[in-house]
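2 protein chains.
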Amino acid sequence: MDLAFPAAVYAARLDRARSLAGDAGIDAIIVGPGADLDYLVGVRGHTIERLTALVIPASGAPTVVVPRMELSKVRDTAVGALGLVVADWVDGDDPYASVLAALPGPVRRVAVSDELPALHTLPLADRLGLLPELATPVLREGRMIKDEVEIAELRRAGAAIDAVHRRVPALLRAGRTEREVAADIAAAIVEEGHATVEFVIVGSGPNGADPHHEVSDRVIADGDIVVVDIGGALPSGYNSDSTRTYAVGDADAEAARRIAVLVDAQRAAVAAVRPGVTAAQVDAAARDVLRGAGYGEAFVHRTGHGIGISTHEEPYIAPGQATVLRAGMAFSVEPGIYFPGEWGARIEDIVVVTDDGVDNLNRTPHALTRAGA
Amino acid sequence: MDLAFPAAVYAARLDRARSLAGDAGIDAIIVGPGADLDYLVGVRGHTIERLTALVIPASGAPTVVVPRMELSKVRDTAVGALGLVVADWVDGDDPYASVLAALPGPVRRVAVSDELPALHTLPLADRLGLLPELATPVLREGRMIKDEVEIAELRRAGAAIDAVHRRVPALLRAGRTEREVAADIAAAIVEEGHATVEFVIVGSGPNGADPHHEVSDRVIADGDIVVVDIGGALPSGYNSDSTRTYAVGDADAEAARRIAVLVDAQRAAVAAVRPGVTAAQVDAAARDVLRGAGYGEAFVHRTGHGIGISTHEEPYIAPGQATVLRAGMAFSVEPGIYFPGEWGARIEDIVVVTDDGVDNLNRTPHALTRAGA
Chain A
91 MDLAFPAAVY AARLDRARSL AGDAGIDAII VGPGADLDYL VGVRGHTIER
141 LTALVIPASG APTVVVPRME LSKVRDTAVG ALGLVVADWV DGDDPYASVL
191 AALPGPVRRV AVSDELPALH TLPLADRLGL LPELATPVLR EGRMIKDEVE
241 IAELRRAGAA IDAVHRRVPA LLRAGRTERE VAADIAAAIV EEGHATVEFV
291 IVGSGPNGAD PHHEVSDRVI ADGDIVVVDI GGALPSGYNS DSTRTYAVGD
341 ADAEAARRIA VLVDAQRAAV AAVRPGVTAA QVDAAARDVL RGAGYGEAFV
391 HRTGHGIGIS THEEPYIAPG QATVLRAGMA FSVEPGIYFP GEWGARIEDI
441 VVVTDDGVDN LNRTPHALTR AGA
Chain B
91 MDLAFPAAVY AARLDRARSL AGDAGIDAII VGPGADLDYL VGVRGHTIER
141 LTALVIPASG APTVVVPRME LSKVRDTAVG ALGLVVADWV DGDDPYASVL
191 AALPGPVRRV AVSDELPALH TLPLADRLGL LPELATPVLR EGRMIKDEVE
241 IAELRRAGAA IDAVHRRVPA LLRAGRTERE VAADIAAAIV EEGHATVEFV
291 IVGSGPNGAD PHHEVSDRVI ADGDIVVVDI GGALPSGYNS DSTRTYAVGD
341 ADAEAARRIA VLVDAQRAAV AAVRPGVTAA QVDAAARDVL RGAGYGEAFV
391 HRTGHGIGIS THEEPYIAPG QATVLRAGMA FSVEPGIYFP GEWGARIEDI
441 VVVTDDGVDN LNRTPHALTR AGA
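Quick mapping for you: the protein sequence lines, in order, are chains A and B. Take any residue in the first sequence, note its place counting from 1, add 90, and you have its number in our numbering. Take any residue in the second sequence, note its place counting from 1, add 90, and you have its number in our numbering.
These are computed hints drawn from the structure, not numbers from a lab. It is possible that part of the hints are untrue.
Part of the chain A face toward chain B, derived, beta carbon under 10 Å [to be verified]:
1) 135
2) 162
3) 208
4) 213
5) 224
No more than 20 Å apart at the CA atoms, straight line, and that leaves these computed lysine to any residue pairs for SDA-like [what the hints assert, rightly or not]:
6) B:163 - B:285
7) B:163 - A:296
8) A:163 - A:327
9) B:163 - B:177
10) B:163 - A:289
11) A:163 - B:308
12) B:163 - A:288
13) B:163 - B:429
14) A:163 - B:285
15) A:163 - B:429
16) B:163 - B:175
17) B:163 - A:306
18) A:163 - A:180
19) A:163 - B:288
20) A:163 - B:295
21) A:163 - A:150
22) B:163 - A:388
23) A:163 - B:269
24) A:163 - B:431
25) B:163 - B:150
26) A:163 - A:178
Even for Gly, the Cβ is constructed at its ideal location relative to N, Cα and C.
So that you can see chain A by itself, here it is in the shape it has in the complex (with noise of 0.2 Å):
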């Protein structure tokens, strides 16, 4: 048995979601693989052609369909921990009837998970007889609100990229490939305790104005200002996330000025974190700043989206979005200003809705960092 946290946090989040499920007229809940899946009973990794799912009715137990194969593995999840009652499948069967064998007598409303691949959602969609909803509403609730266990993991996950980003202004050194020094911050985040690298973007230069730049054979330069965006996931599959902007020796004068604005931008967007605040109150107050100072248009992106077993979840920080922020949320804050041809810049830190307040779990130091020339 390898679970990341005791059976009785599963179960606690079974009832909430079904709880959830039934509070909102919804008769059951269909979980494809995903990260829900994994919230709600351990179970990870990904098959597409073969259907794995946990029916959640609104009233009864919960059932598990899964291919014969993968049931051992699913056993050594919180689905055995549990006892949940299982209906395996073998090639030729048809794992759609076990899931309608599974629903709670006629159903009205069901709701399947956003990771659900068309593969299985239009075949559930025709035997149901009815277009299914999204449980977005319904499973958000209880991921977006992070427990103690969960904000404890993605403390320690800060921890370990803020480690990672401790190394890199030894790394980024003027004459190496984009891709050297990222497989090297892909070695170290997983010495510093990640179970599995997530993601190294080492935008140098021009390269750093593409928000969406991974990695590429560029040389990065004396002078380059780099962007480095990583993250990788803890064993338990909490992530972390966290960017930081180098100067590779000395940084124009001129990138340094607004960076330093972008700075401000994001610890103003930091600073309005609270409850009760919307998630569009936050972005705004990074934007403002940035607007401000005439670089409005050069951050062309939201500020924000949650973390937590996935990279991007609930809540998203964005304008318009009107979700009130509340204790327990984790989101990143991740303001960025690109001129294209020329340079781009980001800080994001991985922050907490305290009672009162923000924790903030990211916490080297936002200003232009000098990395080696």
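Following the hints, put chain B in place on chain A, whose structure we already have.
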């Protein structure tokens, strides 16, 4: 630009998908991130929460709907090389409206790619006012029949994984853990020319009796039977997948005898492969040999799966699969026998259907191979 194949290859694939959609009476295909999008336009990577979609109307030009922050990455694929129409969107926009705008007027039948998550499938169904169907029957036709450039890549992948299997006997020694051996194998997979490690299964002794066991901290012992099932993706995205069964030191004579039957069963299935036979017949060829020897119950999974830019795809080689084999199909032939609590064995090659028979892409010996004790 970093295309796996010349732009003309993608243009031909898009044309074929469009014409197959037209033949099937489908008005448009909507393809989300995943293997289909990689196959059709060379776009890789996977964002769940922000919609990226290729819309292929049965008549008219395709459109790519993409978040603006991923625009430059998408332009760096066949999307840019072929000058496809791009509809980019930013947080706060309605990406489904862009999909609808890319459709050829009123539609009656719309198909979506297998991997499109419910998060996008259900809002699209709602906005379209119809339940989409799966695009598999249309898209698999293109992906299932490999052309010469694809077969050349699969052949390279096969040679690369063969080179790794040749190194396994020296790595698999009594006293090491499965995890230690797997780490060395993962490094060898990259050293031998793969860009990524897709999976490394080291199932020693009783762990080998679980067909979906991956790795553990079990210490390998003298006399263990060990299943080693490994694969990676080349830089082009095409995959390898080969399984061999090893004996650490001297194997038990009864185990060796049973594994010799398995080798016969695998050979019989490969020998059954030629145009015109069904997938079920290939499966039966292996199953009949094992059944005849009294191990029918020990063979608990299908015989194989297609392979290409995804590790599991059409055609599936299983009981009841009526798919008629045609030249250009590529799939695994991997019967196994599993004795719970004792040991398991599996032998797997990737084969390609030729005009008059079969080409085996894996060339290392099939017999139980002695590893370092």
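Any of the earlier hints contradicted here, and which numbers?
13, 14, 21, 25
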